[in-house]
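Undergrad: These are the residues of each chain, in order.
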Amino acid sequence: MDIEQLTYLIGMAGMVAFAVSAVLGMAEKKVDLFTAVVLGCITACGGGTVRDLILAVPVFWSVDMNYLWVSIVASIVAFYGYKFFERKRINKLFLYVDGIGISLFGIQAVDKVWSHAFALPVGPIILGIITAIGGGLIRDILTGRPTLLMKRELYAIPVLIGCSVYVLVLEYMPGFQAIGSIISVAIIFAIRAAAIRKNLEVPQWLTMGYKRS
Amino acid sequence: MDIEQLTYLIGMAGMVAFAVSAVLGMAEKKVDLFTAVVLGCITACGGGTVRDLILAVPVFWSVDMNYLWVSIVASIVAFYGYKFFERKRINKLFLYVDGIGISLFGIQAVDKVWSHAFALPVGPIILGIITAIGGGLIRDILTGRPTLLMKRELYAIPVLIGCSVYVLVLEYMPGFQAIGSIISVAIIFAIRAAAIRKNLEVPQWLTMGYKRS
Amino acid sequence: MDIEQLTYLIGMAGMVAFAVSAVLGMAEKKVDLFTAVVLGCITACGGGTVRDLILAVPVFWSVDMNYLWVSIVASIVAFYGYKFFERKRINKLFLYVDGIGISLFGIQAVDKVWSHAFALPVGPIILGIITAIGGGLIRDILTGRPTLLMKRELYAIPVLIGCSVYVLVLEYMPGFQAIGSIISVAIIFAIRAAAIRKNLEVPQWLTMGYKRS
Numbered sequence: 188m189d190i191e192q193l194t195y196l197i198g199m200a201g202m203v204a205f206a207v208s209a210v211l212g213m214a215e216k217k218v219d220l221f222t223a224v225v226l227g228c229i230t231a232c233g234g235g236t237v238r239d240l241i242l243a244v245p246v247f248w249s250v251d252m253n254y255l256w257v258s259i260v261a262s263i264v265a266f267y268g269y270k271f272f273e274r275k276r277i278n279k280l281f282l283y284v285d286g287i288g289i290s291l292f293g294i295q296a297v298d299k300v301w302s303h304a305f306a307l308p309v310g311p312i313i314l315g316i317i318t319a320i321g322g323g324l325i326r327d328i329l330t331g332r333p334t335l336l337m338k339r340e341l342y343a344i345p346v347l348i349g350c351s352v353y354v355l356v357l358e359y360m361p362g363f364q365a366i367g368s369i370i371s372v373a374i375i376f377a378i379r380a381a382a383i384r385k386n387l388e389v390p391q392w393l394t395m396g397y398k399r400s
Numbered sequence: 188m189d190i191e192q193l194t195y196l197i198g199m200a201g202m203v204a205f206a207v208s209a210v211l212g213m214a215e216k217k218v219d220l221f222t223a224v225v226l227g228c229i230t231a232c233g234g235g236t237v238r239d240l241i242l243a244v245p246v247f248w249s250v251d252m253n254y255l256w257v258s259i260v261a262s263i264v265a266f267y268g269y270k271f272f273e274r275k276r277i278n279k280l281f282l283y284v285d286g287i288g289i290s291l292f293g294i295q296a297v298d299k300v301w302s303h304a305f306a307l308p309v310g311p312i313i314l315g316i317i318t319a320i321g322g323g324l325i326r327d328i329l330t331g332r333p334t335l336l337m338k339r340e341l342y343a344i345p346v347l348i349g350c351s352v353y354v355l356v357l358e359y360m361p362g363f364q365a366i367g368s369i370i371s372v373a374i375i376f377a378i379r380a381a382a383i384r385k386n387l388e389v390p391q392w393l394t395m396g397y398k399r400s
Numbered sequence: 188m189d190i191e192q193l194t195y196l197i198g199m200a201g202m203v204a205f206a207v208s209a210v211l212g213m214a215e216k217k218v219d220l221f222t223a224v225v226l227g228c229i230t231a232c233g234g235g236t237v238r239d240l241i242l243a244v245p246v247f248w249s250v251d252m253n254y255l256w257v258s259i260v261a262s263i264v265a266f267y268g269y270k271f272f273e274r275k276r277i278n279k280l281f282l283y284v285d286g287i288g289i290s291l292f293g294i295q296a297v298d299k300v301w302s303h304a305f306a307l308p309v310g311p312i313i314l315g316i317i318t319a320i321g322g323g324l325i326r327d328i329l330t331g332r333p334t335l336l337m338k339r340e341l342y343a344i345p346v347l348i349g350c351s352v353y354v355l356v357l358e359y360m361p362g363f364q365a366i367g368s369i370i371s372v373a374i375i376f377a378i379r380a381a382a383i384r385k386n387l388e389v390p391q392w393l394t395m396g397y398k399r400s
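Residue numbers (my numbering), protein chains in the order written: chain R, 188 to 400; chain V, 188 to 400; chain Y, 188 to 400.
None of these hints come from the bench; they were simulated from the model. Any given hint could turn out to be false.
No copy is singled out in the list; a pair is fine if it fits within one copy or between any two copies.
Claimed, not checked - With a cut-off of at most 27 Å between alpha-carbon atoms, the simulated BS3-like pairs for lysine-lysine come out as follows:
#1 K338 x K216
#2 K217 x K279
#3 K217 x K385
#4 K385 x K338
#5 K275 x K217
#6 K338 x K275
#7 K338 x K279
#8 K385 x K279
#9 K385 x K275
Construct all of the structure, not just a fragment, from the sequences and the given hints.
TA: Here it is in structure tokens:
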């Protein structure tokens, strides 16, 4: 498997994760199958669409429609599968699946933006963050949830760290692109999973908010 | 009247419907005339703007500014006219006018996307749905309402059905484009109106949500 | 200082104002430094990004990355500085800083859109309004606040007036561009500040909403 196939696979896996996260995020709402599919697709395609508009390249799902089919199928499977999980577990599951999605999308976006040499060196990192969290923000806004960005646990920081690591790999060790992309995905997910599991938060002096008094 | 004039007319009527729906949706808010006009224009132009950005064509209202004038005038008329309707009727009226808007915008978008041969055959349907529901989603988010997509009544399905019918007409019966577009608009509105009137919902097994227990 | 430097400065000052407003708007939320920076950048860059996408020109912060650095630094300074203000003053401060931002961004956008001769004569005014209020709307939606547009005090009208004045200057008195841009910024901020300070509202007959009965 060459590097191009690898990033294609990473992108597809990201689509699945985000589409599933959207459906899980609506588990308590009385929406129908088709609404679930529409929201799954918007969530899966949203961040990348914004990225491609800013990059001024054709929107990815118009070039390769497999992206759409994958998110449609993933949404349908999640629609029928979510009830196998206990109600109280759904929210944790939602957070982890979202975490997988941001890891995959962040790194795939860095790869695409880097190959277009857009606004180097920070452009790929910025668009990596936008792509990773964009779809989820749209999902949370449309379903009326508070956005994950507003939670106290680490959310954007893991993406920043992973994308920066991958940019360093691309710049200084281009021969290690394949292994570098996998490790970067793992870094993001590991930090984010720790944040979810252990309620990992930044220290007080790095947090906003007046003290209760 | 040739087919070009007809789709132009359909587009304009859609602008009116969405601008009016935005103003009706704010009937309980204490906003001023100009805010109503701004929100009317954003709602009327929002979905089509996203469509044109994805299509990578000049945004429609920059090419033909009549679209703007029509939505401005429609917003003003709705601003002064809505009080002729009883308070308790306003919400139903809002839903029906929104239903007219999604019917017209869905079909007009399919027409435009088809003529640009974008991502055939599903591209026109996808962008039809995005155009039809996009402006309304922006309206609901900006005015702080739960989006219509999250309601249990059929919302996106009618647009999917109507747009698919119209794509079939364009593909297999191009000679019937004019009558086909009118029938497709009617199909979307008829299903949506039935959904509003009779609280038409999909069967339980096609609906999300854990049972209360 | 020539006119180009002046509008550059106006744009940069606008970035600072919007980034700071985003951080102030989260003063009660328990977010971390990096989330604050991400939201500061999205708020500062959001309106202009939408403007540039509609204009079909490269997004401004990809061409000149100083815009990004300025909003990052401004966000960090605001993150550590906001506690010097009393809790009950923060909200007023937020409104004024936002008011500075919309004044600067509105006029800078008119300038850019005018120089691209986009959809004259109303194009610059429309995109001036979109740029001025766009970032703030995104900020309010992401942080879960009701948007400032929905408040009863004048919000979009000052921008309309100032942008219109500046368009008249550009059309009929191009020799007075520099002084005209400064005066137009001042007009927007003066009206908006009066609206905040004196709860300036439009007369009843220009306001929506059924009477309480």
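Undergrad: So, for every hint listed, does it hold in this structure?
TA: Hint check results:
1. K338 x K216: both (21 Å within a copy, 9 Å between copies)
2. K217 x K279: Both ways: K217 and K279 sit 20 Å apart in one copy and 21 Å across, limit 27 Å.
3. K217 x K385: Between copies, since 17 Å is at most 27 Å while 31 Å is not.
4. K385 x K338: Within one copy only: 14 Å inside a chain, 35 Å across chains, cut-off 27 Å.
5. K275 x K217: both (17 Å within a copy, 25 Å between copies)
6. K338 x K275: both (19 Å within a copy, 23 Å between copies)
7. K338 x K279: both (14 Å within a copy, 25 Å between copies)
8. K385 x K279: Within one copy only: 12 Å inside, 37 Å across.
9. K385 x K275: The answer is within: 17 Å in one copy meets 27 Å, while 34 Å across copies does not.
Violated hints for the displayed structure: none, as all numbered hints are satisfied.
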